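Chemist: Read off the chains here:
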Amino acid sequence: MRKVMIGNHALSYGAKISRAQVIPAYPITPQTEVVELLSEMCANGEMDAKFIKVESEHSAMTASIGASATGARVFTATSAQGLALMHEVLHWAVGARTPIVMGNINRAMAPPWTIWTEQTDSLAQRDTGWMQLYAQNSQEVLDSVIQAYKVAEAVQIPAMVILAAFVLSHTSEAVELPEQGKVDEFLPPYEPEYRIDPANPHAFGGLTGPDGYFELRYQIQKAIEDALPKWDEVGAEFGEVFGRKYGLIETYKVEDAKNLIISSATLASTARTAVDTLREKGEKVGLLRIRIFRPFPSAQIRSILSSVDRAVVVDRNISFGASGIFYQEVKAAVYNEKNPPPIFGVIAGIGGRDVTKKDIIDIYEDIMRMDEPKSDIIWKGVRL
Amino acid sequence: MKLTIPEEEIMGHGHLACQGCGGALAMRYTLKTLGRNTVLSVPACCWSVIDGPFPHSAVNIPVFHTAFEAAASTASGIKAGFEIQGKDVNVVAWAGDGGTYDIGIQALSGAAERNDDILYICYDNEAYMNTGVQRSGSTPLKAWTTTTPVAHPKDRPKKDLISIMAAHRMPYIATASVAYPEDLTEKLEKAKSIKGTRFLLIFSPCPPGWRADPKNTVKLARLAVETKVFNLLEIENGLDWRITKKIRKPKPVIEYLKLQGRFRHLTEDDVSLIQENVEKEWNILMNKVGE
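Top to bottom, those sequences are chains X and G.
Take the first sequence: its position 201, counting from 1, is numbered 201 in the numbering used here, and each next residue is one higher.
Convert by adding 384 to the 1-based position in the second sequence; the result is the number in the numbering used here.
One thing to keep in mind: the hints can contain errors.
Derived pair list, reagent style EDC-like, types lysine to aspartate or glutamate, alpha-carbon separation capped at 16 Å [to be verified]:
#1 G:664 x G:544
#2 G:612 x G:665
#3 X:281 x X:365
#4 X:53 x G:497
#5 G:471 x X:176
#6 X:258 x X:283
#7 X:245 x X:176
#8 G:471 x X:365
#9 G:416 x G:544
Cβ-to-Cβ under 10 Å is the rule here; a few derived chain X residues that face chain G [unchecked claim]:
#10 21
#11 54
#12 56
#13 65
#14 66
#15 74
#16 197
#17 320
#18 321
#19 322
Hints in this document: simulated from the structure, not taken from any laboratory.
Since the structure is predicted, the reported quantities are computational estimates derived from the model, not experimental observations.
Just so it is clear, CB atoms sit at the ideal spot from N, CA and C, and this is done for glycine as well.
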């Protein structure tokens with residue numbers, strides 16, 4: 001069944017069709033439609049789930065952790081300030097190994113108050129251990145929620161499905177709603193190895209010294225490494241069942257490409273149209289979209305980069321004092337290669353400033369005129 | 385005399401509490417009454433140490449450790465998780481006074497306002513004892529702590545948390561004391577039988593933090609009630625206040641204060657001020673009780 005929906009509702013339907021059982025959530029622009037629809041579906045019986053109308057995002061996440069630890073499937077959603085408020089307990093969710101799936105709408109951080117899109121909110125959580133998936137359209141948002149549960153529950157690591165504020169969260173698109181029966185078969189009920197159970201009492205998260213903590217952290221790293229091939233497997237299996245295949249990365253016209261544009265989320269969609277136009281002009285250019293950011297698909301990126309002459313990473317985010325964050329990660333992934341191509345880092349679209357197809361073409365043409373990267377940041381569109 | 389305290393010991397002996405810990409007694413009585421079909425959500429507090437360390441646990445029921453400010457919200461999540469799976473379990477948030485009066489009050493207020501079906505128990509030892517005796521919103525007037533040194537003892541009275549909770553019009557609120565286990569047991573039984581958010585404040589002396597002799601834990605808890613420093617009461621639906629332990633002839637506060645090093649620096653004027661404050665609070669309470 002096809003249904004016209006905004007990106008936010010794609011998250012809600014993703015949670016519904018995945019049979020989320022507990023949804024603790026707190027409203028924040030531009031996420032509100034996600035939880036409004038979910039609360040309605042919980043209230044009218046369309047979903048067999050408990051909606052907890054918590055008093056903060058911190059409580060949204062801690063209630064999510066508690067519910068997940070009992071073996072329930074848990075969904076929540078937030079954005080920007082809300083995600084930042086959760087920071088402490090994002091770590092907790094990972095340490096407690098609770099496979100929560102959370103939607104995050106990428107919104108720029110205050111001050112000054114703003115509600116428009118930027119990725120710095122979620123990228124600032126990159127070291128918490130949460131898996132991060134950057135979606136480019138509403139269909140991918142919905143499909144990714146289902147896949148995220150399958151991967152998260154397999155490795156006991158929580159996952160964020162991330163979409164751009166307004167550009168995606170509030171844009172209506174036709175979305176194929178998978179059949180519930182097929183989803184149930186693809187994603188069986190969550191059965192954790194350990195759960196809070198009075199019949200089998202355990203202490204969870206008790207005081208641990210240097211003789212035990214290290215190994216617990218090692219296990220988290222191993223689990224998130226295991227998730228890397230899992231995302232590909234699950235994305236391929238999803239393709240077989242539902243006809244839409246997903247991977248860690250997506251490539252477009254890279255087979256004979258000499259130059260590469262690298263980006264993520266909706267910026268990558270814009271870049272795809274720019275690639276088409278540049279190809280018409282005779283440019284040997286391709287696109288690499290990074291879909292899964294954590295775990296970081298270094299090997300896949302290295303393999304694509306090994307055959308190109310130069311690459312440019314377009315980041316809608318910034319790590320102050322360093323550079324664009326995808327740029328850092330891509331550069332780090334190829335640093336130990338024999339002859340890595342020069343990689344240029346562009347920062348564009350901060351705070352929701354529009355990035356058009358023409359902007360991407362300009363970025364590409366500017367880069368082609370340069371001999372080598374002279375600094376870690378090339379600013380695009382900043383008015384000085 | 386009929387024994388009203390359940391005989392079964394659920395809590396084990398091998399816990400890490402200090403000698404004379406009121407918080408350990410509070411847990412022991414609580415588990416006796418609530419039984420094994422109980423789960424604890426424990427934020428940062430003495431009990432995050434007392435129960436362990438990993439891989440040991442002293443309570444023989446599931447303990448879920450959570451962040452300092454998150455006892456109530458974690459308990460709400462645990463309860464919802466059980467409910468949606470059709471499981472009926474007593475879910476208890478078990479927090480100290482720092483995690484209740486201060487950093488955890490937002491999550492507690494949220495849960496109480498939603499009337500989530502959890503029992504929130506605060507074992508109140510009147511300061512951040514686990515971190516080494518720093519003042520909390522529960523620390524009483526004029527008391528010494530490491531952050532209210534003798535030159536500048538606490539200049540504000542203990543926060544009236546019970547009135548704050550009563551303002552939520554929640555089904556059940558009670559205060560209790562480790563010196564009155566029958567009263568505590570009765571309140572736990574009652575709390576267990578009620579649906580919705582229930583709040584229990586258990587007065588739990590801390591010998592190291594109060595600079596008191598460990599043998600005096602129960603004596604101090606009893607004196608706190610006998611001097612009306614801490615009153616045993618219960619409140620139904622936030623409006624129906626009732627004193628459960630009436631003190632006919634209250635003792636002067638000095639009898640309670642003099643056994644504690646945290647009050648050693650008090651002048652006669654200080655003691656008079658504390659006595660006046662106790663009378664004033666009692667009158668406020670009597671207005672609520674309607675006596």
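Chemist: Is it true that the CA of residue 612 (chain G) sits at most 16 Å from the CA of residue 665 (chain G)?
Modeler: holds, 9 Å
Chemist: Does the nearest C-beta of chain G fall within a distance shorter than 10 Å of the C-beta of residue 321 (chain X)?
Modeler: Where the cut-off is 10 Å and the nearest Cβ of chain G is about 29 Å from residue 321 (chain X), the hint is violated.
Chemist: Can we keep the residue 66 (chain X) interface hint, with Cβ of chain G closer than 10 Å?
Modeler: holds, 3 Å
Chemist: With 10 Å as the cut and Cβ atoms as the points, is residue 74 (chain X) at the interface with chain G?
Modeler: Hint on residue 74 (chain X): holds, closest Cβ of chain G at ~8 Å, below 10 Å.
Chemist: Holds or violated: residue 21 (chain X) as interface residue toward chain G, Cβ cutoff 10 Å?
Modeler: Hint holds; residue 21 (chain X) Cβ to chain G Cβ min 4 Å, cut 10 Å.
Chemist: Is residue 471 (chain G) close enough to residue 176 (chain X), meaning Cα to Cα at most 16 Å?
Modeler: Violated, at about 35 Å.
Chemist: Under 10 Å is the threshold here; is the Cβ of residue 65 (chain X) close enough to any Cβ of chain G for the hint to stand?
Modeler: holds, 6 Å
Chemist: When you check the alpha-carbon spacing of residue 471 (chain G) and residue 365 (chain X), does it fall within 16 Å?
Modeler: violated, 62 Å
Chemist: Go through the hint on residue 322 (chain X) and say holds or violated, using the shortest Cβ distance to chain G against 10 Å.
Modeler: Hint on residue 322 (chain X): violated, closest Cβ of chain G at ~29 Å, above 10 Å.
Chemist: Between residue 281 (chain X) and residue 365 (chain X), does the CA-CA distance stay at or below 16 Å?
Modeler: holds, 11 Å
Chemist: Does residue 320 (chain X) meet its interface restraint, that is, does its C-beta lie within less than 10 Å of any C-beta in chain G?
Modeler: violated, 27 Å
Chemist: Was the hint right that residue 54 (chain X) lines chain G, CB cutoff 10 Å?
Modeler: holds, 6 Å
Hints 5, 8, 9, 17, 18, 19 from the earlier list are contradicted by this structure; the remaining hints agree with it.
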